Each structure stands twice: as C-alpha cells, then as structure tokens.
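Engineer: Which chain is which? The protein sequence lines are A and B, in order.
Taking the numbering used here, the leading residue of the first sequence gets 1, the next gets one more, and so forth.
Taking the numbering used here, the leading residue of the second sequence gets 1, the next gets one more, and so forth.
For the record, the hints were derived by calculation from the structure and aren't laboratory data.
No false leads were mixed into what you were given.
Note: identical chains are not told apart, hence a pair may lie in one copy or across any two.
Capping the alpha-carbon separation at 25 Å, the derived lysine to any residue pairs in SDA-like fashion look like this:
1. K225 / T87
2. K101 / H224
3. K344 / R246
4. K101 / G238
5. K49 / P8
6. K225 / S83
7. K225 / D86
8. K101 / S223
Computed from a predicted model, the values in this text were never measured in an experiment.
Number of protein chains: 2
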Amino acid sequence: MMTSSFFPPQRTLMGPGPSDVSPRVLGALSRPTIGHLDPLFVQLMDEIKELLQYAFQTENALTLPISAPGSAGMEACFVNLVSPGDTVIVCQNGVFGGRMKENVERCGGTAVMVEDAWGEPVSTDKVRAAFAEHPQASLLAFVHAETSTGVRSDAQALCALARENGALSIVDAVTSLAGIEVKVDAWGADAVYSGTQKCLSCIPGISPVTFSQRAVERIQNRSHKVQSWFLDMQLVMGYWGGSAKRAYHHTAPVNDLYALHESLVMLQEEGLEAAFARHLRNHRALVAGLEAMGLSMAVAAEHRLPQLNAVNIPAGVDDGAVRAALLNDYDLEIGAGLGALAGKTWRIGLMGSASTERNVVYCLTALEAVLSRQGASIKKGAALDAASAVFSA
Amino acid sequence: MMTSSFFPPQRTLMGPGPSDVSPRVLGALSRPTIGHLDPLFVQLMDEIKELLQYAFQTENALTLPISAPGSAGMEACFVNLVSPGDTVIVCQNGVFGGRMKENVERCGGTAVMVEDAWGEPVSTDKVRAAFAEHPQASLLAFVHAETSTGVRSDAQALCALARENGALSIVDAVTSLAGIEVKVDAWGADAVYSGTQKCLSCIPGISPVTFSQRAVERIQNRSHKVQSWFLDMQLVMGYWGGSAKRAYHHTAPVNDLYALHESLVMLQEEGLEAAFARHLRNHRALVAGLEAMGLSMAVAAEHRLPQLNAVNIPAGVDDGAVRAALLNDYDLEIGAGLGALAGKTWRIGLMGSASTERNVVYCLTALEAVLSRQGASIKKGAALDAASAVFSA
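Please model the entire structure based on the sequences and the hints provided.
Structural biologist: Following this line, the structure appears as structure tokens:
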C-alpha cells in the first residue's frame, strides 16, 4: 500500500517545546540546500557562532550548535568534561537532573546527588554542604530552568559556588536561553547547553553549546579520549573552529542551520532585553487570567519561569480529557506533567514566537471553555479582563 | 552590527553529499511544526518506520531514524553492540573504516584492522583470514559504499562471513541506501546505518538505522550500560517502539522527519528497482562522457558505485581552481578527494534527486568548459554525444 504525503495541522504550540516556529524561520529552513563545505556555508557558520555568543552573552570562542537535540548537547558537556573516576555534584529538582546522573555514570564518574523537591529550586545551601563533604568534586551540574516543573534556579549563585570550590559548572539552559537572562560570562559558567525548540522558536533538533576557556583547557588536557567520537569537542572544533582550513568531521545539518540562523537574527532584531520583557509580560497576563479563573500555580511566584507555567490540575478534572479536547477542538497543545507531577500539573509554555498576547488570550479562552464543559468548578468570564489589565498596565 | 538573513544560491549538488533536495522535500520540511508527542506525529513516526523497512528491504522491527547525522548512526551501532574487551574486525579501504576503528576503541574494544588500498573493495579473503586468526571476534564492520573512494564492496559475502564465524555485522550504507541494492534481510546484516543526504536526497542531519533480532538480543543482554545515553537503543526503542505508550526520550526533529517521510514516499512511488536503474543509467552516461573527453575513472569498472564517480584529475590541472570555477561560474559542486586521494581525484555524485539526465549533461558541459579554460589537454565536443548514446540505448 502506498503511503501519502503528510500534511500536519496548524497547531498552537503552548507545551514545554517545541514552540511555534515563525513563518520566517520555516521559510529559511526550506531554502535550497548547499554543500556543508561551501564557502558561503562556512560564512553562515561564522555568523551563527557570533549570534549564539550574543544569545549566551559570552565571548567564548567555543560557541556553536551541536548537530543533534538538546539531550546530545547535555551529553556533549558531560563526555568532554568528565573523566573516569571524577566526582560530579549533580543537582536534581526534576526530570533532567536524573538524566545528568545517567550521563555522569556512563562516563565512569561518580554522581553526588543534591536533591530538592520537584517544584522547588536547587538549594545553594545543600550544594555548599555537598562541596564541603566532597572537596574533590571537579564539576557541578544543574538545570537553570527545569522544563519538567517550570522552576528557575539561581544560576549565578551556583556557578559562583563551583568556582569557589575549584570546580567547573555545567548548566542546562535548554528552556532558559532567550526567554530569561543567561549570562554565561557574567556568571562564569563553564559549559552551557540549550535547545533550539524552546525560546529560540526554531525547529527541534539542534543544541547550541558554549564552553569557557577553563573548560577548553580541561578538554585539551584529558588523558582519556572522549568516549563519543561524534561529540568529541576537539574534533568538532576542527570543523567549527576559527582556523582557515576546516577539517571535515560530519555533514552539518545545513537546512536546520539556515533556520537557526534566522531565529537568531530575529532575536538580535528584537534584542535580548525586549525578548525577556515580552516573556515576562505575557507570563504575568497568563497567570492573572488563570488565577482569575480560580486555578492555582504549582510553583511559588519568586521561582516561576515566565516561559513555562506549571498549573495545578483542579481536583476531579480529567487531565487527559482536557488536553485531548484542547488539541482536537482548538488545535492547542499544552504539556502534561512529567514524572512525579504526571496527572497533577499542566505545563503551559509561552516560549519565543509563541509568547504573544494572542496566545495568552487564546489559551485562556480555550481552557475556560473546555474546563466548563468538563464541569470543573471555575469562575467564568473573569480571565480575559485580568489578562488585559496586565497588558494595558 | 546587525546580521542579515541568509539567502543561499541555487547550487547543483554533485559532490559526495548533500545531494540536491527536491522542492517536494523542501516543501514538506517547512510545514508547520507540531509537538513530538502529538498523536498525528506518532502516526508519522510509524509510517517512517515502515517506509524505512521498504528502503532497507527488511522486516526488522527496530528500524528508525536516529536524530543526528550519519556519524551518529555509525556510533549508535558501535556503542550498542560493542562491550569493553570485545574484538571487532574492521575493514578499512577509505576514510570511514578509520572512523569505525575510533568507535571500537572508544567503546573499550580491540579493532583488528583488515586493510585494502583506497580505491579497492574489501577483500573477503583477508576477512576470512582475520576471522581464522581471531576466532573470538564478535563483530565484523565494513563500509558497503565507500564515500571517500566511490568503491562498492561485496556486502552479501561479508555478512555471510560474519554469520559463518558467529559474529554480527555492522554495515555502513550511508552512500548506498536507495542508490544500489541494500538487502538487509537477504544478506543477514545485523546493524546497518545510513544518512539522509545521499541517495534519499533529503536534507542532511538524520541517520536511518536498522537492527536485526540477533542484534537486539545482544543489546538486551549487555552487562555494561551503553556509554551514550542519547544513542542507547534500549531508550530510543522506548520512544520509537511499537508499544502504545511511548516514553519520552528526546525531542524528535519534527520538521526534519517531515522531510524524510516525503523523500521516502517519493522513493516508494518510484520504486526501488526503478531508482537503482536510474542511478545506473545516469552513471553509465556520465562515465561515457568523461571518457570521451579523455578523462579516466579512478575505480575499476566492476567496483564502481553508480552514485559516486571518482575521476582521476588530469596531470597539470589545478584541482582547487577547477572546483572553484565550477562552483563560482556554474553553481556546480563536485567533491574533492579525501585523505590519500586529496588532489588526485574528483568525486562526482549522481545521488537521488541529483541523478538526472540534465545533471549529467550539465556537469559534462561545465567540466569541459572549465578544463578547456585551464588549458587541460582534453578532447572537446565528444562528451555529450557519448552520454546521449547511453540515454538513447
């Protein structure tokens, strides 16, 4: 039987990512493919590096997109910086800290876990205590913006703790980059990875990373070869590096990089500060609307991520039925809870191009309609006024 | 300084890949992004698996696209099938055998190298001798279609040798898939990886792989965890597998998979046999034209890949100047020689959508013009007639 071409519906993507990709980025994506060693492509690579330096607020020379999703960006940081026998302090306050532990162990390292409740930020006191107990720790790894819970941790304080203890820091900025401040140089962060499908509003599949000079030195001084050939930064550097003659390493995902370039050009046009302010304003409006409807947020106000809003599912409401109705009747995707929060929270993303007044209004309208139909006890007719009050403030 | 949007030229891609991507595939690529857990996306994933089974001529359940380039597909095969202490027979007759050796060693295995000259196929006699000398070898790894030299090796015979010796086989089919026969089940191949940017004529960045039941059993019986979390097939299976409930592993490259799906639909529409015949006919026409011009092929006729034609660079001709003129004056990309063949050969691809009569004619015309301008001693005016004779035969 012959298979037909696939024509996806036009969803509104307000889950934990991918977020809505703008027509401008989709247009760039589908431009004619050129060779990955074409001189014009090499220029494009240089521009992407500079634009990523802007997004990461860094002058790190080793700043580039890994040709694979954020999980591979995470792995690139660990396999290059962990050697067998190393002790790594790993902070876990959601799904992704657990994945970091897996990475450390698969590199032959020992993970010292610092655990905080899902929905809480990483405790700097616990991290300080972990360094006191494990002074040999060579790395501190944590998630800046926990995609599974919608919580922001204090990256600046955590990077400083790593430095004070002679350790390098690995920072997961998958959901934070371009949505809230990610100040790589000001924080003194050493290895930071992100993803394209969150606040950059680019297609999923690429992972921007940046490494400090200290991290580069540790990589260059390794005695063990990096266990991954594909993610070995010494080899990747040879292709992306500044030298005139680039060494072939792998075939770059040419069209995906057109799209990343365009999304970064758009970020530069808007400006980081304006992008952060937009994310914050839309977040406040969404929260005002949700609370006016009688719903409650899962994360304390001071730790909330503006780009990912965890909402408590009201008692008696069928989680799956609500999300299915939003998807089927409104083409609106919101995220389910993950792990310990499955069935307890929804995750509403306002990321990148999807962080708009229109989407705030659309989401509140659709959610109110679906919850009403499901017989949930919510307050009707108040959400949009509450959101509007924020927009017009 | 603000960076501008990037508008690539319309090249004709006749190098070793990426090859020309058809407008149909680029159109699919830029359709609206949907969520990676969207029920419609899950259906798309199922269709891609079936279409890849068709392309690989296999019923292997574990057949799917790795979310990263061919180099990562290679690594996925090695990290899942090699355990520390394993002996692996690795055949090297070009660049990619050397990369396989790196993979084995980074997995803690020992690579027994079987070396053949660049431009020659893998010698089955040497492989037989290697198994006799290393009966404990648990894997045989070889490249079916060497992208660096344009040589085809006898995959059927090599897979049979592996089976006879109780070993599994890892087959690099990056350049072969959809250009020449890749009969995974008929050969009894155990782990086969490919790339999207060669004869599938899809954008670069994704690596189709397939694993036999024997390979799956070896993966399930591992005592060491796979060193890569991102490429651990037991985890990847949980997301791509047949079970009703898919476990989140990583965010799939949604749009890239739209494109892969479309390129596979196009392959199914044309039919494998017709695609192979087209590649062969255009290859014969190109060779006839090149030889009529007075150029010579670098590989013996019986070992040539129709999709990648290695041509000897005539004495006294400036390799780089010719390729630059083709690119700048004709927007035509052909490939340089790699490694031992740098400066000695060109690699002219006729892959997937780029394998057309028009491209054969265009390449012959452009090459003749540029070589004439460079003062090369070629025979003028004979190439197109020679090619036409093949087309009209």
